[in-house]
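Colleague: Protein sequences appear in the order of chains S and F.
If you count the first sequence from 1, you need to add 1 to reach the numbering used here.
If you count the second sequence from 1, you need to add 46 to reach the numbering used here.
There could be a bad hint or two in this list.
Facing chain S, according to a computed beta carbon distance under 8 Å, are these residues of chain F, among others [to be verified]:
| id | residue |
| --- | --- |
| 1 | 184 |
| 2 | 187 |
| 3 | 193 |
| 4 | 201 |
| 5 | 203 |
| 6 | 205 |
| 7 | 207 |
| 8 | 209 |
| 9 | 287 |
| 10 | 288 |
Derived from the structure by calculation, the hints contain no laboratory data.
Glycine residues also receive a C-beta, built at the ideal position from the N, C-alpha and C atoms.
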Amino acid sequence: MSPAGVLARLEVAIRQKAYSAATGGTLRVIDGLSFSLGKGEVGALVGPSGCGKTTLLRIIAGLDADYEGEVHLPDHGRLGMVFQEPRLLPWRTLEQNVRLAAPQVTDDELTTLFTALGLTAHRQHYPGELSLGLARRVALARAFAVNPDLLLLDEPFVSLDDALATRLRDELAELVTRRPVTTLLVTHNVEEAIALADRLFLLSPSPTRVTAELPIPNPRSKRTPEELAAFRGQIARKLMGA
Amino acid sequence: MALRLLSLALMLAAWSIGAQLAGPRMLPDPQSVALLVVSEAQSGALAFNLGITLLRVAVSFTLAMALGSVIGLLMGRFRAADSIGDPWLVVLLNLPALVIIVLAYVWAGLTETAAIAAVALNKLPIAMVTVREGARSLDRGLDEMAQVFRMSAWAQIRHVVLPQLAPYLAAAARSGLSLVWKIVLIVELLGRPNGVGFEIGTAFQLFDVTRILAYALAFVAVMLVIETFLVQPLERHVTRWRPRTA
Chain S
2 MSPAGVLARL
12 EVAIRQKAYS
22 AATGGTLRVI
32 DGLSFSLGKG
42 EVGALVGPSG
52 CGKTTLLRII
62 AGLDADYEGE
72 VHLPDHGRLG
82 MVFQEPRLLP
92 WRTLEQNVRL
102 AAPQVTDDEL
112 TTLFTALGLT
122 AHRQHYPGEL
132 SLGLARRVAL
142 ARAFAVNPDL
152 LLLDEPFVSL
162 DDALATRLRD
172 ELAELVTRRP
182 VTTLLVTHNV
192 EEAIALADRL
202 FLLSPSPTRV
212 TAELPIPNPR
222 SKRTPEELAA
232 FRGQIARKLM
242 GA
Chain F
47 MALRLLSLAL
57 MLAAWSIGAQ
67 LAGPRMLPDP
77 QSVALLVVSE
87 AQSGALAFNL
97 GITLLRVAVS
107 FTLAMALGSV
117 IGLLMGRFRA
127 ADSIGDPWLV
137 VLLNLPALVI
147 IVLAYVWAGL
157 TETAAIAAVA
167 LNKLPIAMVT
177 VREGARSLDR
187 GLDEMAQVFR
197 MSAWAQIRHV
207 VLPQLAPYLA
217 AAARSGLSLV
227 WKIVLIVELL
237 GRPNGVGFEI
247 GTAFQLFDVT
257 RILAYALAFV
267 AVMLVIETFL
277 VQPLERHVTR
287 WRPRTA
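Chain S with its partners taken away, still in its complex shape (with noise of 0.2 Å):
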């Protein structure tokens, strides 16, 4: 137990999360909540709809405080997010949103990041132009522009057509692939999770808890239908049993 190899996971141990309620009194969405993700690997939150993921993200971004817990941010805490919405500037061109996010991106780190999204054309719209498809492909630009330590997606492709959303998911996967950056996803779709992450969180209803952690044996390149088929079963089953 090396005190690098500490510093170098995410670590996040979470008692309790409470809400005070409009009518008075409170309203637990988190207890016991604990997990921790390797230096480099991708780790999906799944679990259904209202169950305080939102809410789990942002206490791990460190937008809330107010929990009784601890997190500790891989490295030296870097952070890069997607948002549910994409939170671009509209008043700066795509390239600016970018750049502001991440001010120490070369010229060349850009070109090849907004190359591998499909972004070239646009650098110099602004948001207020795009599809929604585009405007989420600039949110994971920002995210990978700054280098982070630790990336955090908050249900990145929800409101996306099934077609669009496979595609970007395929993006991300190969960017994650191409340059490891230890990466949270969150999200109530399997599927999405199953096609990008190395180790899987299943979270039970408010207030909520890991019930089950499953790594993803091969892979992402390597994984085949047949192989995420057995694993889907597998997944059902937990998810039933929870």
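Since the structure of chain S is already known, use the hints to place chain F on it.
Modeller: Okay, now just chain F, sitting in the frame of chain S:
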């Protein structure tokens, strides 16, 4: 554009007819006003008085906008600042301009500082209210984005906050400019030895309506030029990212 010119011609025609009916003492015709503007311009008095009034407008406007924006932003973002600032705001908003001017002159003497401060204080609460409204409607999602990506405080203000406040700042500036120049005239009338307001005050004592109109219209023209060549282009620049409606 044609309609605008037509409307302007109509206004001049109405003025000429009014002048015929009321007589030159009550309402001089446009020609005599124009002639006086020319002669004042030739003597240099017009440029001097316009200049000094414009300077007072610029200084007090800048002061009020800068201070009002900062306080308004704080009040819109922090509940405590809002609670502290609100009673002051209500008092300032409801204090008549004349009271502020008179008190400023009583307390600080008939000085330039008192004049500028009085004008700025009159404009301040309106800037505060407008910017506070803008600060309250700031997008939390973008704030969080900036926080997660650790944008510097300066970058957050410049690229996240200010662009969102721009329409509110523009509104405050627009209404502010017209308010400030009207109040500057009163301040000059009451306690300054020069400027458009002082000239109008003198003309009033001599019952010289031609002079009153000459100075007032000359100054309106200056403000129109500022609006057209400074305020409007600036507004277009800060809203350039909005997709244009065809």
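Colleague: Provide an ascending list of the numbers of those earlier hints which the structure does not satisfy.
Modeller: 1, 5 and 7
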